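Kindly produce the complete structure, drawing on both the sequences and the hints.
The listed protein sequences correspond, in order, to chains A and B.
Each residue of the first sequence is one higher than the one before, starting from 1288 at the first, in the numbering used here.
Each residue of the second sequence is one higher than the one before, starting from 3 at the first, in the numbering used here.
I should point out that these hints are in silico values taken from the structure, not numbers from a laboratory.
Be careful, since some hints might not be right.
Unchecked claim - Listed next, the stretches of chain A that the computed footprint assigns to chain B, with coverage defined by at least 3 CB atoms under 8 Å from CB atoms of chain B:
id : segment
1  : 1343-1350
2  : 1367-1375
3  : 1391-1399
4  : 1402-1410
5  : 1434-1443
To be verified - Here are a few chain A residues that sit away from chain B, every Cβ distance over 12 Å (derived from the structure):
id : residue
6  : Val1312
7  : Thr1340
8  : Glu1355
9  : Met1514
This one's a predicted model, so the numbers in the text were calculated from it and none came from an experiment.
Glycine is no exception: its CB is placed at the ideal position from the N, C-alpha and C atoms.
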Amino acid sequence: MTSSDKIIIRCKDVRKSYGSGDTRVQALRGVDLEVREGEMLMLVGPSGCGKTTLISILAGTLDADGGECNVLGSDLRALGAREKTQFRARSIGFVFQTFNLLPTLTAVENTAVPLLIRGVARAKAFDRAKELLNQVGLGGRERALPSQLSGGQQQRVAIARSLVHDPALIVCDEPTSALDHDTGARIMSIFRDVALAAHRTLVIVTHDNRIFNYGDRIARMDDGIIMEVRENEALAAAS
Amino acid sequence: MIYVALRMLLGDRGKYFALLVGITFVSFVVTQQSAVFIGLMTRTFGPITDTGIADVWVMDPKVQYIDDIKPMQDTALLRVRGVEGVDWAVPLYKSLLRARLHDGRFQSANVFGLDDATLAGGPPEMLEGSLTDLRINDGVIVDTWGAHGKLAKPPASPGEAPTPLKIGDTLELNDHRAVVVGICKVSRTFQSQPVLYTTYSRAMKFAPSERKLLSFILVKARPGADLDALCERIKSSTRLTAYTKAGFRELTMRYYMKYTGIPINFGTAVILGFLVGIAIAGQVFYSFTLENLKHFGALKAMGASDGTLLAMIVVQVSHVAAIGYGIGVGVASLFGYLMSGTELAFRLPWQLLLGSAGAVFLVSILAAIISLRKVVKLEPAVVFKN
Ligand SMILES: Nc1ncnc2c1ncn2[C@@H]1O[C@H](COP(=O)(O)OP(=O)(O)OP(=O)(O)O)[C@@H](O)[C@H]1O
Ligand SMILES: [Mg+2]
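Quick look at the structure:
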């Protein structure tokens, strides 16, 4: 779509292991990855290959053991804990596999959370949250609690929440795996329509080969490294 | 985010009420138990409280508490009157005497003999008759609890309540006739003995013949006098000892604490109740935060700082603590109010309210901080785990 040639994520030889001694697991064995501004990158691969670990590092929620990782102009290794928290609040939108909405908050309140975290006044935050709920097709359901919404609707609230503070990078871990195929497909088109506005970049982890085709590029991981990154021919041909 | 914190707390009615009930229960137990304990301890020095007119109590140096009578020479009174800073000083007789009742039973009673001229040190409240009626021959004033209880006459017909002692009734004190001329109200005492007031000279008559009968000297200080300094002057110039009202109360309370074992045993129960209450409060808040750990993790991933999360938890905890404490103390007060006609010792001074409030809030905040450690150590990456 609006993908440019500007690189906004540049990872070199990123390593990460969990545990120590006999139980040590090498989750990332030297990941090299570049992500272009404004693209939707699908990160695919077998279970346990390190996908979640990699996007956690990109999003600044997990520290790598070694290698370089530059995201949106910040060298993540150089950021302290406090700066990393601010980095996440400012620049990252999150969509989780299990939605992770606060169960006692309404759709509009849940959507507004990233703005409230940044100290935006409540009225203003709610106005902006309503706009986004409209964009994801949930106008009229602003006051519903998560328990009153279907899985697909909850995931749309989560998408609205990931966009409400205009982050430059959105990371999603298996955003469709809790949804049926049709709903998953709808979620992906909402992503393409709403999320991929100018200069916004998405990295989406998925198992679900039915949604690979929504991505601009597909990065295939296996056993802690990126095996290949290829352009999505189908999408390129269609546009 | 304070808003979000309150929505998290209040959104789940069930959990919210469970929290409230926990803290209400703790506040109730802590306040109620301590109030009964304080009430009981207050009874140990009831007569000192009732004799509020005296600034300073003078007595034999070997006296250990209010009921420990070591009589002094009558001349002690003159020596005390001579001490600088003493406005006036009057004698007080106090002793446990045997009263013979109508039906021939014996009952020991706390007898006070008041200075004949001034009647200073009399009961705090007269219900019937007046203090000056003590000038009537053989007159005594009886406390209402005693009149209705241990000193009461047998029932008019069997199976009915005993007939209370009233003005004009007589009883015998050590074979001397005494006539009831008034009914008064006094603070309950620890042993709950009936209390009789009479004049000092009449008390001499009732008392078994002894050489010395002066139990205490009640001293009123000159306006503006430093009471501690006055006590020191009395001690050094009379070889007696002197306590301020508060000092004598403390001496008495300490004696009971140390030697009777009752306050200590009961105090242990109070402290235990306190600890159990604290454990419950801590547990309640800790589990609340743990249940919300996943949500705090999500907020943390989305960029909420540890400070923000701390503020959220503190808001949640203090909200529940404030409301639960209010209800708990309210229920405890109601309980005390409803039981006020009974033998139950219940006292709720503001210091206790402050103390139990402090304890409940401290525990709540402590529990919050302990649960916060979990939140702070939480890797934000856990939100990607399912
Ligand atoms: N907190 C952890 N402690 C120990 N080992 C971990 C931890 N998190 C992940 N691992 C291990 O690291 C490896 C990579 O895990 P990761 O979750 O990144 O894989 P994934 O590609 O996301 O898998 P899936 O598709 O099943 O979600 C796995 O072998 C996993 O068992
Ligand atoms: Mg994963």
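Inset, instruction - Examine the segment 1402-1410 of chain A for residues whose CB is less than 8 Å from any CB of chain B, and state whether their number is three or more. - result: Held - the segment 1402-1410 of chain A has 4 residues with a Cβ nearer than 8 Å to chain B, which meets the minimum of three.
Inset, instruction - Tell me if chain B covers the segment 1343-1350 of chain A under the three-residue, 8 Å CB rule, please? - result: holds (count 4)
Inset, instruction - Examine the segment 1391-1399 of chain A for residues whose CB is less than 8 Å from any CB of chain B, and state whether their number is three or more. - result: Our answer is that it holds, as 3 residues pass the Cβ test (under 8 Å) against chain B, meeting three.
Legend entry - 8 Å C-beta criterion, at least three residues: is the segment 1367-1375 of chain A covered by chain B: Our answer is that it holds, as 5 residues pass the Cβ test (under 8 Å) against chain B, meeting three.
Inset, instruction - Quick one: work out the minimum CB distance from threonine 1340/A to chain B and report holds if it exceeds 12 Å, violated otherwise. - result: violated, 8 Å
Legend entry - 12 Å cut-off, C-beta based - glutamate 1355/A kept clear of every residue in chain B: holds, 19 Å
Inset, instruction - Compute the least Cβ-Cβ separation between valine 1312/A and chain B, then decide whether it is above 12 Å. - result: Valine 1312/A clear of chain B: closest Cβ-Cβ about 14 Å, beyond 12 Å.
Inset, instruction - Mind taking a look at whether chain B covers the segment 1434-1443 of chain A? Criterion is 3 or more residues with CB to CB distance under 8 Å. - result: n = 0 at 8 Å, threshold three: violated.
Inset, instruction - Could you let me know if the closest chain B CB is still more than 12 Å away from the CB of methionine 1514/A? - result: Holds, because the least Cβ-Cβ distance between methionine 1514/A and chain B comes to about 22 Å, which exceeds 12 Å.
Of the numbered hints stated above, those contradicted by the structure are hints 5 and 7, listed in ascending order.
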